Structure formats: structure tokens, C-alpha cells
Amino acid sequence: MKHFIIYTIFALLIGCYPKPGKDLLTNISTLPSFRIISLDSSKCVNTDDIPTGKPILFMYFSPDCDICQQETEDIIQHLDELEHTDIYMIANESAEASRNFCQTFCLDTVKNIFIGTDYDYSFFKVYSPRGIPFLAIYDSNRNLKKIYREKTPASFIVKALHSHNKRYN
Amino acid sequence: MNIHANLTTTESGNISNNSTVGSFSQFVLKKKRNKVLLIAALVGTIVQLIIFKSLYPFPDFISDSWSYIATNVYNMDVNLWPIGYSKFLWFVHLISNRDTFLIAVQYFLLQAGLMYFFFSISYLYQPSGRTKLILFIFLLFNPMTLYLSNCVLSDALFATLTIILIVQFLWMLHRPNIQQVALQGIIIGLAFTIRYTAIYYPLFVLAGMLLSRHRPIIKISGILLGVILIVPFVLYTKQKTKEVTGTAEFSVFGGWQIANNALYMYNHIIVDTNKLPPETRALDKFSKQFFKNTPPKEEELQQLPGTYFIKVPWAILKPYMAYRYTYDDPPGQFKAWGKVSPIYNQYGSYLIRHFPVAFAKYYLWLNTKNYFLPHLEKFETYNLTINTVPSHVQDWFGYTTPDVYAVSVTFQGKLFYAYPILFMLLNIFYGFCILSLLLTGKFNKLSLYFKSTLILVSTYLLVNFGFSVFATPVVIRYQIVPIIILFTFSLLLIDNLDQKTKIGRQ
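Chains F and B supply the protein sequences, listed in that same order.
Residues 496 to 664 in this note's numbering are what the first sequence lists, from first letter to last.
Residues 689 to 1194 in this note's numbering are what the second sequence lists, from first letter to last.
Among the clues, some could well be false.
To be verified - With a Cα cut of at most 25 angstroms, we get these calculated BS3-like pairs of lysine-lysine:
1. B/K1027 / B/K926
2. F/K646 / B/K1049
3. B/K1027 / B/K976
4. F/K606 / F/K538
5. B/K976 / B/K963
6. B/K930 / F/K646
7. B/K1023 / F/K646
8. F/K654 / B/K720
9. B/K930 / B/K976
10. B/K1049 / B/K930
11. B/K963 / B/K930
12. B/K963 / B/K985
Treat the hints as calculated values from the structure; they're not laboratory data.
Note that the coordinates shown come from a computational prediction; the quantities given were computed from them, not determined experimentally.
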């Protein structure tokens, strides 16, 4: 019994080592505050002002990235299942490149997609995306559902939006 | 070891030494010392897992792990690896999708198998107290078991089945019954759906059944049972592979492996492209171009033991596949791998058939060296030193983010640094003991049962050696059971020699 207690205390102590990624998860577990500006600079969206009631998908991308283009195509093919989701596509490159991207995929005709620029790097600072495409999915109550750090089938995104599972990391 | 058990028993009375300890369950549960060991093993198992999981909160993954999970996520009937382990993952996932639950199941199964092995050895061979204690600690407090179970790989489950299989035959030598025969057949069938390595197990079964004291009809049934249970799975896999790739291949990976093995000698032989089978000539041009422009150095080949041409993205096989087929998801990947596999099989087989000496010199010899000093591979670093998992793996375990972490990604490499050396020393020691017993004629003085045991165990080790050198890359995670067997029976041999020395002195 004595040894069991010693082992347990030891286990608890070594369980206290710093866990990378925990801080990030704490900061983004509810929709954090950041700003995006529309491509024509006519509208600035502050996430604090986004109303609750609809799930939200943020996709951080680069207009020149092939994989981001494939991801966008896949999302477009699943728009029926995403019609009640607000989709924010965010780039950090020139508005011109994003506009071309937008035209290529006819995104300006989709009413629940907003394409903008992370003009003050507030998105980047909050999420620290290490690669693109980077996807962040929030439920209608602004609680984080998923973070994907690579090209992800749109069916996974749809599933994540509809799932009720809790997080395990 | 009880000298009476090994040196003086008669051919028909082997279990007389156990008559004083009663049945196996009484031996484990009623004998005070064994009861203490059992409780220590159970508590130790739980405590070790708690400590380990606080240091490694996530499982360990490699590309094979992603493939096993993709089989379930994409509802595939076949994949690069046999689907048995994917089905196991699916079954565990039905109960809970927590990664820790899966790891605990794998670990508890393996520890239970090892406890069964330990108490069976203790009961059947009655080792000395010192030997028993060393064996107990080595088997049940070995960090390798924890690291192995923490991998989303078939190795822990396969090792569990193999250990139980071997124990059946140890029992069969002493107390044969029909249940052991049935169980070994079922284990062979199951093991084969988990790892194709089990393809050589019928040879071990053949030796075990011949050595057993069963009636001939039971022996034949036992030998055939495992093979009969393997056949439906082979037919099913071939049929499903044909539906996807167009060729009824049993192991898609097999073609890649044969071509990979043959390419190890390519830089040392002269291949006339025009004499090759027509389907393989385009592939041969890739080989010629690769060895002309970027021939791998010796140390580069050694870094990926026995798998260089499968793993390196620019080394012939993957570029050729990319030239012929593209894919963007796991089913597409399987199709592409499967489409080129028959060509690789034909190409590799042709080269090996036509250049057997070079093959022996540049591949078999290399793999023989690898066998005795197996690479740490998966045990060297955590999660291939990357800190994320693919999205389908993330979803399978319900992770919010793909981020995984551990107390250290490199510590395990230091922890297991000596294991390959231990494996080599155990092989040398065991081989030396067997040879000296044979050469000095002392082998014949051993009890029939210990002799049978040594023949059985040596058969397993020899067949494993042959299969490892010829057919697979040799890495330490594939050699866990051989390590356990070598360690255990080396200790029993030492015990035996000790007893003889004592008797000699007396």
C-alpha cells in the first residue's frame, strides 16, 4: 500500500510537466477576438460582433496554394450541407490575388462565404497556424469544435459541425 | 530449475514434478509466493500505465497507424496491411473512442499474455527463485511493453497472440488436450488477419504438433486447422484486392517489398533492359536513371534498414507509381499501390532469380546483420518527431486539434539504446548453449520434455530468423517475442547448467 501511494504521488508530480498546445486550446476554446477586412476594404468584421446562432468555419489560406484550392473546391461541392454555416476565408496576401481566387471559384456569389484579409495579423497571432489550409470550426454558441491543420475532406468539416462529441486533447 | 523436472523425469511421467503443486490455477492462486507475484503484477500493470500515460498522453503514430485508421474511416475492405488490426480498432472504438482506452486495452492484453506465459513457465519448468524473479521483472516491468502498446500498430496485439500460441505448445508438450489444439488453430487464423508474418507460423505448428504427445489424427488436425482458417482470409483479400486494383493479389505490399529487396543489389549488377519482361522495362529505366544520377550512399541505405526503396520518395518505386497513377485519399492510395504491385513483383522476382549471388551478398547479408542488431525504428523517436496527426486520425480519436505531444520525443531512443545489443547477445548465448549441448552429447541427457521444449523454441527462432532475413525489414518491434523467448529460455538453460554444476560438486 505504501508503495502504491508513493507511485501515485510520483505519477501526479510528473503529470505536471508543461504540455505544449494547452495554452492555445485555452485561448481559442471560445471564439477569440480578431478582425478581418473585406477585399474592397468596405467592411471590417470583428469576431466579437458576429452574432451567435450559426456555426462558423474559418479557413486560413493562400490564393496560390494548390492544396488550398483543392480544399475550396471540396467545400464548394458540400455547400448544400454548409448552407447554415458562416464561412470566413482569410488570406494574408494581396487583395488582388484573393480577388482572382474569389472569381476563379465564383465565391462572391455564395452568400454565406466572406473573403477577407487578416490585415492586422490578429488571426495569425491568435491561432499561430503553422501551415495552410488551416481550419477552425465553432458551433453556434461560439465553442470550438475542431482545428484542422491540413487539407481536410469537407465531409469531415460537415461531420464536425454536426457532432456533439467533446474534446480529448 | 527443479533438477528433477529436467534431468530425471521419465518419458511418460513429466508432470510428476507438478503433482506437489496441484493444478495450474491452484499453483497461481493458492501458492502464497505466486499469489503475491500475481498481485504485484496486477498492481504494477496499473501503476506503470498511469505513470506512462501521464508522460505520453497521446498514442504514438507512424504512417502505418494512419493507414490502419483510414481503413475504417473510408470503409475499405482491403488496405496495404491486413485488415484484422483495423477491425480490432473499430471494435474498441465501438466501446470508446478515447485513445487512452485503446492503449489500455492493448497494454492489458499484452500484460495478461505475459502473466500467462510467466506462470506457465514457472509451473511447467519450475525455475529457481532467482530465475523466477528476474523473469518476472523482465516480462512484467519492461518499458518496451509500454512503448509497444502505446503505438497504434498491430505489434502489441500480434505479440499477445504469439505469446499465447507459444504457451499452448509448451502446455501441449506436458499436458496435451484438445482445447490447446483448437485454440492454436484459432490463434493462427486470427494472427494472420493481423500480420502476414503469421504466414510462417504453420511451420512452427508443424514442429509443435510433431513434438506433442497427441494421437496422429489430432496432430494432423492441429496442423491443418490453422491453414484451413487462413485460406478464407486469403481468398477474401485476393477477391477484394482484385475489385480495386484489377489483380487478385494477396499482399499488395509484397510486390513492393520484393522489388525493394532486389534493388539493393542493382548498383552492383548489369541489367539488360531488353531482356526484362516487357511490363517492367519502363520501371527499369527509372532504376537506371536513379542509380546514374543519385545513387544512395551506404549510410543512407543503413538509415532505413531494408526499406529504403519503399520509403524514400525519390527512390524509383514511388516516382514510378506517381508517373503512372495519382491519388488524393487513402482508397486512391491503395489503388495506386496495388496497380503497380504486380509489376514490382515481376521485376523484383526477375532480378532475384537472375542474380541470386548478388542478391545474397547485397540484401540477404545486409538483412542478416540487421537481424542481429535490429534498428530501433519506431522506438527511436515519438510520433516520427512531428507534433500533429492527420485529420482522419484526429477525428477517429475525437481530438479537437491535431496536436499531440509527449514528455520527450527522443528519450525512448536512449532508453532502448541497448536493446538491439541485448538481442544480439541473447542470440549468441542461446545459440552457443544449444550448440555446446549438442556437441558434448549433453542434450540427450536432458529430460524428454526439456529437449522437446528446446527443439520447439529453437524451431520458432530459426523460422523467425529465416522469415525476417528473406521477407521483411528487421526492426526491433518485430522481434519482441523472440527477445522474450530468448531471454526466458536462456535463463532456464543457465538454471539447468547451475543445477548440474551443483550436482557435480555434490
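Hint by hint, here is what the structure shows:
For the hint linking B/K1027 to B/K926, the alpha-carbon distance of about 13 angstroms falls within 25 angstroms, and the restraint holds. A threshold of 25 angstroms between alpha carbons decides the hint, and for F/K646 with B/K1049 the separation of about 44 angstroms lies outside it, so the pair is violated. For the suggested pair B/K1027 and B/K976, the alpha carbons sit about 22 angstroms apart, so the restraint of at most 25 angstroms is met. Restraint check: the Cα-Cα separation between F/K606 and F/K538 comes to about 15 angstroms, which is no more than 25 angstroms; the hinted pair holds.
Under the criterion of a C-alpha separation no larger than 25 angstroms, the hint pairing B/K976 with B/K963 is consistent with the structure, at around 15 angstroms. Only pairs whose Cα atoms come within 25 angstroms are accepted, and B/K930 paired with F/K646 is rejected, the gap being roughly 30 angstroms. Restraint check for B/K1023 and F/K646: satisfied, since their Cα atoms lie roughly 20 angstroms apart, inside the 25 angstroms limit. This hinted pair does not check out: F/K654 and B/K720 have alpha carbons roughly 55 angstroms apart, beyond 25 angstroms.
Our distance criterion of 25 angstroms between C-alpha atoms is broken by B/K930 and B/K976, whose separation comes to about 31 angstroms. Of the supplied pair hints, the one linking B/K1049 and B/K930 is violated, its CA atoms being roughly 35 angstroms apart against a limit of 25 angstroms. For the given pair, B/K963 sits about 29 angstroms from B/K930 by alpha-carbon distance, which is inconsistent with the 25 angstroms threshold. Among the hinted pairs, B/K963 with B/K985 is inconsistent with the structure: their alpha-carbon atoms are about 28 angstroms apart, more than 25 angstroms.
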